[in-house]
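Using the sequences plus the hints, can you model the full thing?
Protein sequences appear in the order of chains A and B.
Just so you know, our numbering puts 641 at position 106 of the first sequence, and the rest follows in order with no gaps.
Just so you know, our numbering puts 106 at position 105 of the second sequence, and the rest follows in order with no gaps.
Heads up, none of these hints are tricks.
DMTMM-like cross-link-like pairs, simulated, lysine to aspartate or glutamate; straight-line CA separation at most 25 Å: (1) LYS69(B) <-> GLU638(A); (2) LYS43(B) <-> ASP620(A); (3) LYS23(B) <-> GLU638(A); (4) LYS43(B) <-> GLU638(A); (5) LYS43(B) <-> GLU643(A); (6) LYS59(B) <-> GLU638(A); (7) LYS43(B) <-> ASP619(A); (8) LYS72(B) <-> GLU638(A); (9) LYS38(B) <-> GLU643(A).
Rather than coming from a laboratory, the hints here were simulated on the basis of the structure.
Keep in mind it's a predicted model, so treat the numbers as computed, not measured.
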Amino acid sequence: ETGVTQSPTHLIKTRGQQVTLRCSSQSGHNTVSWYQQALGQGPQFIFQYYREEENGRGNFPPRFSGLQFPNYSSELNVNALELDDSALYLCASSPTDRGGTGELFFGEGSRLTVL
Amino acid sequence: GENVEQHPSTLSVQEGDSAVIKCTYSDSASNYFPWYKQELGKRPQLIIDIRSNVGEKKDQRIAVTLNKTAKHFSLHITETQPEDSAVYFCAASETSYDKVIFGPGTSLSVIP
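Here you go:
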């Protein structure tokens, strides 16, 4: 069974640029959640996708957008990058077909640095 | 929206002693409370969870308690070992399939 994989693992961008981060969910998992984790902080909820539909959003501006594909993989897009967007972006999948345990299975994350 | 607070932010204990981490949450609709452990440079991993119909749950050296009236929940680690050193996050969610909101974390150091 393949776990959650994210790409790229590290990237550097400059202010104003756009970035796309990718996540492949664990086999059998239909829900993907994205989190931003700044250094020394807890994961902050960005949004969740369930069966290709957004199913909840945290306190992030519209320049953070996402997508989930029919195979349940997902993308996080951030436009007009700001310095404060520098963080570890974590993707987590879960088998939430109204019977799941609730456990989030995290990927290793994508470390974004904005200069 | 839900807000989860966690104390202390750092905790240092001698090997063999107990460690306690306390959390509070704001949304009375929350019913699912997981705890995640994140070792340095690694991904967060679930260590234990508790649902609102249960007041206490134990798994070997770790236990969680929940006081829904007071909106408090706690993690207890007994007989701590150096491999328990990590950052621990409490979290809350309305159900086990809704968004999970994390606390700011507690960095636990177990001194041999």
